[in-house]
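Single-letter residue listing:
Protein chains: 2
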Amino acid sequence: MSYRGRAKQFLESQNISIGDMISIKKETVKYRGMLLDRAEDADQLHIVLKMDSGYNVGIAIDGAEVELIDKGEKPEINLPPLDIQRDPEKKDVSIISTGGTVASVIDYKTGAVHPAFTADDLLRATPELLDEANISGKAIMNILSENMKPEFWVQAAQSVADEISGGADGVVVAHGTDTMHYTAAALSFILETPVPIVLTGAQRSSDRPSSDAFLNLMSSVAIAKSDIAEVTVCMHSTENDNQAHIHRGTRVRKMHTSRRDTFNSINSPPLARVKEGKVKIIDKNFHYHKRGECQLEVNDSLEEKVGFIKSYPGITTELLDYHIDKGYKGLLIEGTGLGHCPDHLIPSLQRAADEKIPVVMTSQCLYGRTNLNVYSTGRKLLTAGVIPAGDMLPEVAYVKLVWALGQTSQREEVKKIMQTNLKGEINEKSSSKYFLRDYGE
Amino acid sequence: MSYRGRAKQFLESQNISIGDMISIKKETVKYRGMLLDRAEDADQLHIVLKMDSGYNVGIAIDGAEVELIDKGEKPEINLPPLDIQRDPEKKDVSIISTGGTVASVIDYKTGAVHPAFTADDLLRATPELLDEANISGKAIMNILSENMKPEFWVQAAQSVADEISGGADGVVVAHGTDTMHYTAAALSFILETPVPIVLTGAQRSSDRPSSDAFLNLMSSVAIAKSDIAEVTVCMHSTENDNQAHIHRGTRVRKMHTSRRDTFNSINSPPLARVKEGKVKIIDKNFHYHKRGECQLEVNDSLEEKVGFIKSYPGITTELLDYHIDKGYKGLLIEGTGLGHCPDHLIPSLQRAADEKIPVVMTSQCLYGRTNLNVYSTGRKLLTAGVIPAGDMLPEVAYVKLVWALGQTSQREEVKKIMQTNLKGEINEKSSSKYFLRDYGE
Numbered sequence: 001m002s003y004r005g006r007a008k009q010f011l012e013s014q015n016i017s018i019g020d021m022i023s024i025k026k027e028t029v030k031y032r033g034m035l036l037d038r039a040e041d042a043d044q045l046h047i048v049l050k051m052d053s054g055y056n057v058g059i060a061i062d063g064a065e066v067e068l069i070d071k072g073e074k075p076e077i078n079l080p081p082l083d084i085q086r087d088p089e090k091k092d093v094s095i096i097s098t099g100g101t102v103a104s105v106i107d108y109k110t111g112a113v114h115p116a117f118t119a120d121d122l123l124r125a126t127p128e129l130l131d132e133a134n135i136s137g138k139a140i141m142n143i144l145s146e147n148m149k150p151e152f153w154v155q156a157a158q159s160v161a162d163e164i165s166g167g168a169d170g171v172v173v174a175h176g177t178d179t180m181h182y183t184a185a186a187l188s189f190i191l192e193t194p195v196p197i198v199l200t201g202a203q204r205s206s207d208r209p210s211s212d213a214f215l216n217l218m219s220s221v222a223i224a225k226s227d228i229a230e231v232t233v234c235m236h237s238t239e240n241d242n243q244a245h246i247h248r249g250t251r252v253r254k255m256h257t258s259r260r261d262t263f264n265s266i267n268s269p270p271l272a273r274v275k276e277g278k279v280k281i282i283d284k285n286f287h288y289h290k291r292g293e294c295q296l297e298v299n300d301s302l303e304e305k306v307g308f309i310k311s312y313p314g315i316t317t318e319l320l321d322y323h324i325d326k327g328y329k330g331l332l333i334e335g336t337g338l339g340h341c342p343d344h345l346i347p348s349l350q351r352a353a354d355e356k357i358p359v360v361m362t363s364q365c366l367y368g369r370t371n372l373n374v375y376s377t378g379r380k381l382l383t384a385g386v387i388p389a390g391d392m393l394p395e396v397a398y399v400k401l402v403w404a405l406g407q408t409s410q411r412e413e414v415k416k417i418m419q420t421n422l423k424g425e426i427n428e429k430s431s432s433k434y435f436l437r438d439y440g441e
Numbered sequence: 001m002s003y004r005g006r007a008k009q010f011l012e013s014q015n016i017s018i019g020d021m022i023s024i025k026k027e028t029v030k031y032r033g034m035l036l037d038r039a040e041d042a043d044q045l046h047i048v049l050k051m052d053s054g055y056n057v058g059i060a061i062d063g064a065e066v067e068l069i070d071k072g073e074k075p076e077i078n079l080p081p082l083d084i085q086r087d088p089e090k091k092d093v094s095i096i097s098t099g100g101t102v103a104s105v106i107d108y109k110t111g112a113v114h115p116a117f118t119a120d121d122l123l124r125a126t127p128e129l130l131d132e133a134n135i136s137g138k139a140i141m142n143i144l145s146e147n148m149k150p151e152f153w154v155q156a157a158q159s160v161a162d163e164i165s166g167g168a169d170g171v172v173v174a175h176g177t178d179t180m181h182y183t184a185a186a187l188s189f190i191l192e193t194p195v196p197i198v199l200t201g202a203q204r205s206s207d208r209p210s211s212d213a214f215l216n217l218m219s220s221v222a223i224a225k226s227d228i229a230e231v232t233v234c235m236h237s238t239e240n241d242n243q244a245h246i247h248r249g250t251r252v253r254k255m256h257t258s259r260r261d262t263f264n265s266i267n268s269p270p271l272a273r274v275k276e277g278k279v280k281i282i283d284k285n286f287h288y289h290k291r292g293e294c295q296l297e298v299n300d301s302l303e304e305k306v307g308f309i310k311s312y313p314g315i316t317t318e319l320l321d322y323h324i325d326k327g328y329k330g331l332l333i334e335g336t337g338l339g340h341c342p343d344h345l346i347p348s349l350q351r352a353a354d355e356k357i358p359v360v361m362t363s364q365c366l367y368g369r370t371n372l373n374v375y376s377t378g379r380k381l382l383t384a385g386v387i388p389a390g391d392m393l394p395e396v397a398y399v400k401l402v403w404a405l406g407q408t409s410q411r412e413e414v415k416k417i418m419q420t421n422l423k424g425e426i427n428e429k430s431s432s433k434y435f436l437r438d439y440g441e
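Just so you know, the protein sequences line up as chains A and B, in that order.
Take the first sequence: its position 381, counted from the start at 1, is 381 in UniProt numbering, and no numbers get skipped.
Take the second sequence: its position 215, counted from the start at 1, is 215 in UniProt numbering, and no numbers get skipped.
Simulated from the structure, these hints should not be mistaken for lab results.
Predicted model, so just to flag it, every value in this text is computed and none were measured.
There may be inaccurate statements among the hints.
[To be verified] Residues on chain A that point at chain B, a partial pick, calculated with CB under 7 Å: (1) 58; (2) 61; (3) 71; (4) 147; (5) 178; (6) 182; (7) 256; (8) 275; (9) 314; (10) 317; (11) 336; (12) 342; (13) 373.
Each residue gets a CB set at the ideal place from its N, CA and C atoms; glycine is no exception.
Given these sequences and hints, build the entire structure.
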């Protein structure tokens, strides 16, 4: 056990090991759950429990009464390698892990999150995957997705490209859910792909009956084998554990802090539904890239110095000036309504234009599209050179601006890229359908 | 006509007056609509048309071919005052206008937005209101809501309070839709009210058959007469023009750039539905303040220096430091997932705590609630003094922080205010119901 100091003493004195079910009473609160291995950042004063809810909690041992409920199965260490023959009848699917809750799918015995995993780990945990495809697995990083930065998008894109070059018929990327939609958009713009690239994650870790990891992973492998050769996100489509939606990587957003069906397509229906391993396209008229249509291509120059500014009633013109003064190369504004911000920001927006810094306008409404021709505010913004982003999501427009500025430093070129539909991120025509999950399914 | 210079010449040469239906051809595009009075910011080169879509567009006259379709009715000027007797059987409802599309309800003849209006203007335009209540009307400002600032919230609150002190049984506030939810939250915190206060607006202006202004106004008056003595928002509940939802002022958000049913309750069902003038409470178990339960009270001290920061993959610790250096008194963070931001911001968050600046965490998911006890990132944020906002919307938490810092400068007091449910903005218990308009109606 890797607990130290007082925590170690406390646990040993009660004959408690990692993996045991215990209950802990602190004052009037009682916690029940499985003792996990020490969290990376744990001090000597806390222990970590995996609760029945599927969440981990750290509990200070000070003043805690503990009771052993059930001895856990010991985690197996140094298992011999699996001897699995490649089945030439089956597709080859690579599973790449970047970290996050879903990575714990392989740790159902201890509940702890591994820093790295192999195909063997994965297949021991989820042998059902072998019925579906030849699986290879690799952990390329172990990052909680709130800590994802543009440089990691590049690293992930390169790893995906390596798998595709190496012959993978599809790639699944396991990712934390917090910023999965940002990464999905980034991979969409960075990669041209001949095969499916599917991001998936979990809202609850995999050692609980309530975990969504298994269905998400199995459904993602089904998509990785399908003909949908785009970057997509595959997650639960309802709170029930029986079907998943496939969202285009440039149309999807995390919309709930904890629900399993948190990911939703915005201003677009999902591409497909997966139920019992079967993929069903939702709107037959919806164009998507088929397997083999594109050649693998990696355009991974990014410009990280892009500001993401939300307009709000107290916003100051100094905030814009700060970004300009600090040398930001582009600004993404999440405006109000049709894409507005207060009039008093106009001089700073004009200054950005004069300094050739593209300023892109989206809407914090999320649904719908910008239209700067309706009200005087919008017309002033256009005059000040602001670039309306149509029905692109703010997060997607931010990622696209990071990418566009990596491709060119010419403001006019950036504007053209931002307003051209590259990966399904912009609909040319207005549609007010698909509002709040009204997909007409 | 108040057009000047070339625009005036152009119109006079074609014998076109304000209110006429005209068509304008420019290159290959043809516009059809009613000539409006000059926009406030118009130069001599543009004229403004009210299109069939209900939107106004400015068109450069340069190279335009114009055709008169129909002479409009002349706007009536200097009408004699209406002689309407107060009906003692009816409730007294005050309608206060702050500007925005809905204010144009009274300008159906010219389509132009008045800088001010009187009860007479309103009743000439919407005589149906007289069947419902004794109506008094007043324009207190004429502001597109993207330009609303905290100081205007105070002005609006004081005007509402004056109406209530003056005997109004209910107050309707006409407001632009862009930031109506910010103002609704502000009035919720500033005012204790014995009577209903209803904000309403329009997504399309009132001279078009497609306008939502009439139904929203009539439904708002129905709520102003009801026993729901809270600050609410009343807007269309569907794309059809036949019913409205009443949302609590601290639970509502504009979710679509253009749909008439753009306003939605988040993490909560709407309070009520209005159909054919009848108010129906949606969830009978939902507690709300009844008429006369509270005494009128105005707590309008605000602290405008509150930053609103969205967490994103490229966010820098310098952005937080900028706000601290600039003397911001509080920071509202729109984090990812359960309420996270990147680890590398921790030192600046700790610095804010050390300088007694409250930092409040919400989630950009919008639905769900913050929980900083699940992952290591959350626990680090708690250690750095970050205040989780539960299931409060980011926009509402921002407004509440502006208000809380007006009530006290003590960080601990602010924390207590932020985490106490004052106006229905926080649910004590988690609920993952009501996701994406699944109100169970």
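(request) Closer than 7 Å between Cβ atoms is the bar; does residue 182/A clear it against chain B? Give me holds or violated. (result) 5 Å, holds
(message) Let's test the interface hint: is any C-beta of chain B closer than 7 Å to that of residue 178/A?
(response) 4 Å, holds
(message) Does the closest beta carbon of chain B sit nearer than 7 Å to the beta carbon of residue 61/A?
(response) 15 Å, violated
(request) For the hint on residue 317/A, just tell me whether its beta-carbon gets within less than 7 Å of chain B. (result) 12 Å, violated
(message) Next item in the hint list is residue 373/A. Is there a CB on chain B closer than 7 Å to its CB?
(response) 6 Å, holds
(message) Tell me if the interface restraint on residue 342/A is satisfied: Cβ within less than 7 Å of some Cβ in chain B.
(response) 5 Å, holds
(message) Please check whether residue 256/A passes as an interface residue: C-beta within 7 Å of a C-beta belonging to chain B.
(response) 4 Å, holds
(request) For the hint on residue 71/A, just tell me whether its beta-carbon gets within less than 7 Å of chain B. (result) 26 Å, violated
(message) Interface hint check: residue 275/A, Cβ to nearest Cβ on chain B, cutoff 7 Å. Holds or violated?
(response) 20 Å, violated
(request) So, residue 336/A near chain B? Judge it on the closest CB pair being under 7 Å. (result) Check passed: Cβ of residue 336/A comes within 4 Å of chain B, closer than 7 Å.
(message) The hint names residue 147/A as touching chain B; please verify it with the least Cβ-Cβ distance against 7 Å.
(response) Holds: closest Cβ of chain B sits about 5 Å from residue 147/A, inside 7 Å.
(message) Please check whether residue 314/A passes as an interface residue: C-beta within 7 Å of a C-beta belonging to chain B.
(response) Because about 5 Å separates residue 314/A from the closest Cβ in chain B, which is inside the 7 Å limit, the hint holds.
In this structure, the earlier hints numbered 2, 3, 8, 10 are contradicted, and the remaining ones agree with it.
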